[in-house]
Amino acid sequence: MTHVHAHDHAGGHDHPHPAPDAADADETRWIEVEHLHYAYPDGFEALKGIDLSVARGEKVALVGPNGAGKSTFMLHLNGTNAPSHGSVRVGGVTVERRSLGRIRSEVGLVFQDPDDQLFSPTVRDDVAFGPLHMGLPEDEIHRRVERALASVGMAGFERRLPHRLSLGQRKRVSMATVLSMDPSVLVFDEPSAGLDPRGRRELIGLLRELPQTMLVATHDMRLVAEVLPRTVVMDDGRVVADGPTAEILADTTLLEAHGLEGA
Amino acid sequence: MDLDRAVARDSPLHRADPRLKFVAVVATILSISLLPVGAFAALVVMWLALVLASMLARLGPLKLSRGGFIAAPFLLAAVPLIFVRPGDPLGSIGPLTISGEGLRMFATIALKSWLSVQAALLLTFTTPFHDLVDALRDLRLPRILVAIIGFMYRYLAVLGDEASRMLRARAARSAARDGSAAGGSLAWRARVTGNMVGSLFLRSYERSERIYAAMQARGFDGTFRHLAARPIGPRAWGAFAAVALALIGFEAAAHLWLPRA
Numbered sequence: 001m002t003h004v005h006a007h008d009h010a011g012g013h014d015h016p017h018p019a020p021d022a023a024d025a026d027e028t029r030w031i032e033v034e035h036l037h038y039a040y041p042d043g044f045e046a047l048k049g050i051d052l053s054v055a056r057g058e059k060v061a062l063v064g065p066n067g068a069g070k071s072t073f074m075l076h077l078n079g080t081n082a083p084s085h086g087s088v089r090v091g092g093v094t095v096e097r098r099s100l101g102r103i104r105s106e107v108g109l110v111f112q113d114p115d116d117q118l119f120s121p122t123v124r125d126d127v128a129f130g131p132l133h134m135g136l137p138e139d140e141i142h143r144r145v146e147r148a149l150a151s152v153g154m155a156g157f158e159r160r161l162p163h164r165l166s167l168g169q170r171k172r173v174s175m176a177t178v179l180s181m182d183p184s185v186l187v188f189d190e191p192s193a194g195l196d197p198r199g200r201r202e203l204i205g206l207l208r209e210l211p212q213t214m215l216v217a218t219h220d221m222r223l224v225a226e227v228l229p230r231t232v233v234m235d236d237g238r239v240v241a242d243g244p245t246a247e248i249l250a251d252t253t254l255l256e257a258h259g260l261e262g263a
Numbered sequence: 001m002d003l004d005r006a007v008a009r010d011s012p013l014h015r016a017d018p019r020l021k022f023v024a025v026v027a028t029i030l031s032i033s034l035l036p037v038g039a040f041a042a043l044v045v046m047w048l049a050l051v052l053a054s055m056l057a058r059l060g061p062l063k064l065s066r067g068g069f070i071a072a073p074f075l076l077a078a079v080p081l082i083f084v085r086p087g088d089p090l091g092s093i094g095p096l097t098i099s100g101e102g103l104r105m106f107a108t109i110a111l112k113s114w115l116s117v118q119a120a121l122l123l124t125f126t127t128p129f130h131d132l133v134d135a136l137r138d139l140r141l142p143r144i145l146v147a148i149i150g151f152m153y154r155y156l157a158v159l160g161d162e163a164s165r166m167l168r169a170r171a172a173r174s175a176a177r178d179g180s181a182a183g184g185s186l187a188w189r190a191r192v193t194g195n196m197v198g199s200l201f202l203r204s205y206e207r208s209e210r211i212y213a214a215m216q217a218r219g220f221d222g223t224f225r226h227l228a229a230r231p232i233g234p235r236a237w238g239a240f241a242a243v244a245l246a247l248i249g250f251e252a253a254a255h256l257w258l259p260r261a
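Sequence lines, in order, name chains Y and V.
No gaps in the numbering here: position 213 of the first sequence is 213 in my numbering, and each next residue is one more.
No gaps in the numbering here: position 12 of the second sequence is 12 in my numbering, and each next residue is one more.
Hints were generated in silico from the structure; no laboratory data involved.
Here the structure is a predicted model, which is why all the values come from computation and not from measurement.
Keep in mind that a hint or two might mislead.
Calculated cross-link-like contacts (lysine to any residue; reagent style SDA-like; alpha-carbon spacing at most 25 Å) [said to hold, decoys possible]:
#1 K63(V) to A246(V)
#2 K112(V) to V51(V)
#3 K48(Y) to R210(V)
#4 K112(V) to V25(V)
#5 K112(V) to L30(V)
#6 K48(Y) to A213(V)
Listing some non-contacts, in silico: residues in chain V with all C-beta distances to chain Y over 12 Å [unchecked claim]:
#7 L34
#8 G87
#9 G100
#10 A169
Every residue, glycine too, gets a C-beta built ideally from N, C-alpha and C.
Working from the sequences, and respecting the hints, build out all of it.
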């Protein structure tokens, strides 16, 4: 449980996410990806050299056609996939086998399908899963579960069953399951997919409120325009454009070349 | 598809601690199965107790009695006893002779299984399934087993939804021309069904990998951890002791005093 201790030693209650190694962790490069290559076991090269750095608190959209490598890339951020070449650092910590525990409490990954994300019989069990496996004390876990559910507007749903919630509710509980781990980085895969307009509005409000560094893979360009000031366009395993969202969305030639559409 | 058979009511039996309830129900089933052959008076007493429990749980007096019949098909296995058990011949059906002893035995088994199922139903009707899963864990059932039950409970509904979507998709394309029946030969339809089962399996398999990734992403390292269980209060222990004493008294009476047929 090294990551828990690291958190404790770092202290600094005025700062919710103290840098694990203050000398190493550059807030302007909180996420730092260098020359990231990844090939699947069958040899298919999904990522062909990604370079990206994201400052702390920045909210970044990751757009691109299906098969561009967005999901594969996101799975590197918390060490689910290990790079073939290159490196990923979050908060000054290199993502590697040894640091997985720490990285996973630092990076909250929310999968696209809430039925994958929510695997426990009750909402409380699921939101408590991360904190429990971080080895936190019981009363702290209860506090975090309560706070995480309240922050996504799902307070009072502790005893409810995931499969009896609406899709929008399940998506919000999915977010709570990582918020309870108090990560500094949130990574979302298609958060608005399948939501009805009201569910989508609520989600957009929520994404705006959350203070964490945020990486959102999506096809929902209106969501990008409303919530995420910076946009990274991926295609065929590479970053093909990276800049302010307004500029990228205005560049119809670029968008069309990569199978996207403006907001 | 939903494993949860709990009937949402507010009753003392619904509020009772799931762990004690589970143990009490297992003890009840044990005491039923230990009754001697032909102890019909004792079986009637147990049935009345279950009717009372059904009313206490506000399920209506006969909900358990009706539900107890779901296990009836399994009784077929006991039917041969009627004919093969040595005893006074009561009559015959064709070449088979009905034995009085065999009939007595069959009736005892039938009633015992009917009552045992009712006891189990009392538990499932008054306890949400996830509380039952927690109770099993707190009772020190192997964690991996409890985890499997928990996942099954969570994902049976998802799997059921997927299956019904596939069936709907098939139905939507099972068109027929005028004057001919829909679908091809039996073999062809069997193959289509087989493909559906296979693809359901593949989807489930892929989902299991995504679930595992989601678990790992939240720090899962192979050990299931859980929040501590609530302590059991003195009143719950008292009620449990009363049920245990009643069962012991019942069993003793059935073996020593109650008449048998």
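Hint check:
| no. | hint | in the structure |
| --- | --- | --- |
| 1 | K63(V) to A246(V) | holds (23 Å) |
| 2 | K112(V) to V51(V) | holds (15 Å) |
| 3 | K48(Y) to R210(V) | holds (24 Å) |
| 4 | K112(V) to V25(V) | holds (14 Å) |
| 5 | K112(V) to L30(V) | holds (10 Å) |
| 6 | K48(Y) to A213(V) | holds (23 Å) |
| 7 | L34 | holds (34 Å) |
| 8 | G87 | holds (50 Å) |
| 9 | G100 | holds (50 Å) |
| 10 | A169 | holds (18 Å) |
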